[in-house]
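Going down the list, the sequences are from chains A and B.
First residue of the first sequence? That's 1 in the working numbering, and the numbers climb one at a time after it.
First residue of the second sequence? That's 131 in the working numbering, and the numbers climb one at a time after it.
Keep in mind the hints are simulated off the structure, nothing from the lab.
Quantities reported herein were computed from a predicted structural model and do not represent experimental measurements.
There may be inaccurate statements among the hints.
[Unchecked claim] Straight-line Cα separation of at most 20 Å, DMTMM-like style, residue types lysine to aspartate or glutamate; simulated pairs:
hint : chain 1 : residue 1 : chain 2 : residue 2
1    : A       : K88       : A       : E77
2    : B       : K509      : B       : D473
3    : B       : K328      : A       : D45
4    : B       : K509      : B       : D522
5    : A       : K88       : A       : E49
6    : B       : K315      : B       : E335
7    : A       : K129      : B       : E310
8    : B       : K313      : B       : E297
9    : A       : K129      : B       : E297
10   : A       : K129      : B       : E306
11   : B       : K313      : B       : E335
12   : B       : K509      : B       : E485
13   : A       : K129      : B       : D332
14   : A       : K129      : B       : D199
15   : B       : K175      : B       : E485
16   : A       : K94       : A       : E77
17   : A       : K71       : B       : E432
18   : A       : K88       : A       : D101
19   : A       : K129      : B       : D248
20   : B       : K313      : A       : E127
21   : B       : K509      : B       : D166
22   : A       : K88       : A       : D45
23   : B       : K363      : B       : E398
24   : B       : K509      : B       : D521
25   : B       : K175      : B       : E432
26   : B       : K328      : A       : E49
27   : B       : K548      : B       : E485
28   : A       : K88       : A       : D37
29   : A       : K129      : B       : D291
30   : B       : K509      : B       : D488
31   : A       : K71       : A       : E49
32   : A       : K88       : A       : E98
33   : B       : K221      : B       : D171
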Amino acid sequence: MFVGKQGGFYEVQPEGLEAFPVPTLTDIQIRMLNEIDYAPLAIQDPRLEQLLNGFVYELFFPEDLHVRGLKLFEEAERAGLGKLIGVKGATLVKTAEEFADCAFAPSHPLYAMLFDLQALDVVRIIEGKE
Amino acid sequence: MIGEAASIDETPVAAAMPVPLRITSLTLCDFRAFPDPISFDLAAKNLLVYGENGSGKSSIFHALRHFFDLRPPIIASVKNVFSGRDINQFKVEVTFNDETPLVSWSSARHPSQIPGADPRVTETARRKSCLDYRALLDTNYMHGENRPNLFEVSVARMHADFPITVEGGTVTTIGELWSEVEKAKPWNYNHSLERIQKACVDFNEGLRSALNALHPHLEVFLNAMTRGAIAIKPFTFGGVTYQHGWWRRDRTINGRELFPEVIFNGYELVTPQTFLNEARLSALGLAMYLAGRLACVPAGGERLKLLVLDDVLIGLDHDNRTPVLRLLQDHFLDWQVVVLTHDRVWFDMARQFYEGSDQWVWAEIYADGDGGRANPSVKMPNGDLVRAALDDCTTNLAANSLPSAATSARRAFEWALKRFCERRRVQVPFTMNPKENDLELLLNAATAWVELPGTNRANVTPILSELRMYRAGVLNPQSHADAPNPSRQEIEGVLLAIQRLRAAISNNSIH
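In isolation and in its complexed conformation, chain B is listed as follows (with noise of 0.2 Å):
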């Protein structure tokens, strides 16, 4: 019996659907930053986000987040205040890729709402993993000089809904183990102890099965993300007991403890916060929570699994945050992400990682003035860097906004002259100094490269002779605080001369 017994089939059987539920569009109306319907089109994508402070980012985290919510807030708390609307236009709508009509979170009901809720927003409510980079501050900075305990964070929200089954079967979560830890404390002193002692066994073994769960994971992140730098050993939690007194305030839980062991190039770190760089901080607390996620949401099959960042690799260069991408794409291939972010410099390096991978839409949001209570716009560019800003140039010169169409026209130059030498494979001099302008660098090097005797790229040099006279003007970045706004021909010669680098870049007979 024992030898069939081994032989129990350990290869998962995938489900039949074969199109994976995903989200295709996202619409708002009167909901915190958006007093007017606005629509993101994800396309069964991922979504990356750009947006400056309060252009409206958190908004749609939270839309999303209380979206697919099994305990949703009221709508007076997430309505947005200035709009006027009645509160009957305020609105959250969603649609998916199963051709179905959208779903609709409104005044009247809100889709996981018992009876007839919709299973698709109920499922997807229980794999959602929703993180903002506040949770990421709990898990190192809030503790000072002290040795992070991690605690309450772990409890109150890293894994508050790391589901865990208890006696009876009953599924319930970590949150909700602790809470009936703290509302079983006997209130008086002849009260029964059971209540409360069964409710710490039951959250001691709950804690300590969903640490040694997710501690696989978090050791193959922490790898990836900070390239091996950082090991965590696995968690002991020695688990909370109760303190029985007379007295009121001598009834305590003890225990409430989780200290990481860190190991930073073999040497154990006590006190993470104080030694590791932010990078890693943010590298460590983000591993944690991510973790935490893959180590309880089902694998695979075709359910919706919902991964919303928001403004989480704010504290990690570009270097740091390139392995969180790369982690995004090996270990959430069968999750929808959304990916929020104020840094431009880094929303342009991210669409250009994934460039060519077809699994992702950019959204860029803007609230300009008003007090900040401008009614966001929303722009959905395609994949092509280039062609975007080009666009965006466009619109801005048909608007008779030349201050900004300049700065589009200068975004469109540099990553025009990037892919140039990117795919010309142009060599570019080595230099120390970082502040050195890398736009002049790289046009002469493309200069130099098309000059090369004994080649046929003779046509592109006036392309780069043109720019390079704009360079003076229109596509200088230090000119536009001072100097006189630039005119209209000269913003639409750089747009021509900035499409005859991008159809040199592709033109197979320069050689």
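Just chain A, with the same shape it has in the complex (with noise of 0.2 Å):
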């Protein structure tokens, strides 16, 4: 899709764009990935961005997920994200770590679905873990 050029510089070459399969986003899909402003959030805590990474998982790959009960999005709105939907600033970050402290302790259905998601095929492919 892209091609290195000298210096480093990348160039975009849309015929492979074009074919770049784009999902349809669901309701909760929608609430949970575009209505909260990540990008505050995730260098701050990297297990907000492993959260992300399992959407989009998800994303792509819901047969491979769903079969072995992985429901992040379910599971995450659940376990409250839906509260960061339209926070900013402060109280964003305050209730993201809130968030955080619950849902990835290992007594949390959605850390096991996270720790489960390593042993997946397609994850363990796409992360070079085989």
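Now that you have both chains on their own, put them together as the hints suggest.
Written out as structure tokens, the structure is:
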């Protein structure tokens, strides 16, 4: 899709992008992905970035995840990720911290799902852990 | 908004599947000590295995460890070297309690191999915990008289597979983070230091978060195992740093230090390994390992969590082993536990401890003779110690192995008598001499109990008299070395007497 150029620049090849599959988002996926401002959070806590990665896996490989009971969008909403919708600044950071402390503890189902994500073929292949 | 944030739902919701995944059987063929096919029927329960040294216990340990492994060894390194079997006959097979066909590790493929890996195997590989006694020794004795530095053992063994989420949301492990530190060391003086510095930062953050996460579990486990005698302060890990230099020998990683701050009854120990007894050192090592696992493996759920302990209780006496059994019962209830031991007495005691729980099955492995190349055999006795010993006796009699039958009869007698005294609340005199023959004491006490005037216990008297008679021969543990072999009739007579004693234990008409 991209071509490395001298000096490390990249050039976007549109014909590659045109064929790229773009999943259609469901309502819950729109809420969890489009209505939360992850930009200031992901750098601060890599676990939120791990959750975002998980969302991407679920968007592109739903069968692989769902057959093992991994439904990250549903579980994240159940765990309270929706509290971050529309929140900004320091309140966003604090709310996200509280969500992370709860949802990324080993006793929480969302932690277990992210834990098991690493055992899936697609994830092992993509992350080079075969 | 802050008020709303505080109301985040903290109640985990249980997964839907009601029956947890468990192993129902394990079959090995041509794997290490097992040249021929052999099966262990776990029945989806925990397994306690007794076997003498060289009988194949560690082969079971390694079979489970490598079957549930994302990076299994090559088959040549675990194949039985004496079997002469073709490599195609090598197999480790596991069946689960989910009504699916068995899963096989063969020369064709390992079940964690992608594409097409079995998710139950890969998920369990990330949850399993396999610990042998060598790992425990690493936590204390290898440090001699020096202050024990647990850095290497923590990073390379005990917490190597502790998952850590790093920048970018990628999941790695403590072991992989340390591996990256070592790989990132510059290969010449002018090389950029950016990679090594980042590797050190990532590793330090990862290890600190792992140590912080495991400490609360460590406190609970130490308290349970040492009855509050030992406490440990939260770890203070200063972090590793890279020291650059012109010469390769000067380019080193500093700060590879992790010292446990152990407190024994209020006294801070600098070198716990020279102060604490073996039991407490083993408890410390075991607690550190188990705490690390509980701190990262998801709690609850329907996935298989496998804990395999190979002779790790070897350094504990009975008083200190019971708390470990209790700890397994309390904190690893949702795990499938496999414990391997070479200690016959403890094996029997553990069976008694778990009797009635219906969560354990037992196996005995034997591999006698042939210069250590014998094909081990497995017995899976039921939970009734007396019944199991009587069955052994009957089997040995059928095989005309009279000395073995006599040994089994003695074991059946011992447990039957102990059980009789326990259930009937027989008062046994106290003795200061631990070497005093306790069976004789029990027999005397039981006799006094049945002869108590005003009771209806008289019909037990002839049973005890008969058993006392056999104490001079078949039931005398000192007699078998030099004495001629006991006769078949004598052993059959003992069997009958023990069965009658066993019946008397549960006979409600005897008061």
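Against the structure, the hints come out as follows:
Using a Cα cut-off of 20 Å, the hinted pair A:K88 and A:E77 holds, with the two alpha carbons roughly 18 Å apart. The straight-line distance between the Cα atoms of B:K509 and B:D473 is roughly 16 Å, inside the 20 Å bound, and the hint therefore holds. A C-alpha spacing of about 17 Å is found between B:K328 and A:D45, which places the hinted pair at or below 20 Å, so the restraint holds. Restraint check: the Cα-Cα separation between B:K509 and B:D522 comes to about 9 Å, which is no more than 20 Å; the hinted pair holds.
In summary, the hint linking A:K88 to A:E49 is supported, as the alpha carbons are separated by about 18 Å, within the 20 Å threshold. At most 20 Å may separate the alpha-carbon atoms for a hinted pair to count; B:K315 and B:E335 meet this at roughly 18 Å. The straight-line distance between the Cα atoms of A:K129 and B:E310 is roughly 15 Å, inside the 20 Å bound, and the hint therefore holds. Between the alpha carbons of B:K313 and B:E297 the distance comes to roughly 19 Å, so the proposed pair stays at or under 20 Å and holds.
Taking the CA atoms of A:K129 and B:E297, the gap is about 17 Å. The hint holds against a cut of 20 Å. Among the hinted pairs, A:K129 with B:E306 is consistent with the structure: their alpha-carbon atoms are about 11 Å apart, no more than 20 Å. Taking the CA atoms of B:K313 and B:E335, the gap is about 18 Å. The hint holds against a cut of 20 Å. A distance of roughly 18 Å separates the Cα atoms of B:K509 and B:E485; the hinted pair therefore holds under the 20 Å criterion.
Pair hint A:K129 plus B:D332 holds up; C-alpha atoms about 19 Å apart against a cutoff of 20 Å. Taking the CA atoms of A:K129 and B:D199, the gap is about 13 Å. The hint holds against a cut of 20 Å. The hinted pair formed by B:K175 and B:E485 meets the criterion: a straight-line CA distance of about 13 Å does not exceed 20 Å. Under the criterion of a C-alpha separation no larger than 20 Å, the hint pairing A:K94 with A:E77 is consistent with the structure, at around 17 Å.
Restraint check for A:K71 and B:E432: satisfied, since their Cα atoms lie roughly 15 Å apart, inside the 20 Å limit. With a C-alpha separation of about 19 Å, the suggested pairing of A:K88 with A:D101 holds against the 20 Å cut-off. For the hint linking A:K129 to B:D248, the alpha-carbon distance of about 15 Å falls within 20 Å, and the restraint holds. Straight-line distance between C-alpha atoms of B:K313 and A:E127 comes to about 19 Å, which keeps the hinted pair within the 20 Å bound.
For the given pair, B:K509 sits about 15 Å from B:D166 by alpha-carbon distance, which is consistent with the 20 Å threshold. Only pairs whose Cα atoms come within 20 Å are accepted, and A:K88 paired with A:D45 is accepted, the gap being roughly 16 Å. For the hint pairing B:K363 with B:E398, the CA-to-CA distance comes to about 10 Å; that is within 20 Å, so the pair holds. For the hint pairing B:K509 with B:D521, the CA-to-CA distance comes to about 11 Å; that is within 20 Å, so the pair holds.
In summary, the hint linking B:K175 to B:E432 is supported, as the alpha carbons are separated by about 14 Å, within the 20 Å threshold. Proposed proximity of B:K328 and A:E49 is supported: the alpha carbons are some 19 Å apart, at most 20 Å. Only pairs whose Cα atoms come within 20 Å are accepted, and B:K548 paired with B:E485 is accepted, the gap being roughly 14 Å. Taking the CA atoms of A:K88 and A:D37, the gap is near 8 Å; set against the 20 Å cutoff, the hint holds.
For the hint pairing A:K129 with B:D291, the CA-to-CA distance comes to about 14 Å; that is within 20 Å, so the pair holds. Between B:K509 and B:D488, the direct Cα distance comes to roughly 18 Å. Compliance with the 20 Å bound is thereby established for this hinted pair. For the hint linking A:K71 to A:E49, the alpha-carbon distance of about 17 Å falls within 20 Å, and the restraint holds. For a cut-off of 20 Å, the pair hint linking A:K88 to A:E98 stands: about 15 Å separates their Cα positions.
Our distance criterion of 20 Å between C-alpha atoms is met by B:K221 and B:D171, whose separation comes to about 16 Å.
This entry satisfies every hint, going by the numbered hints stated previously.
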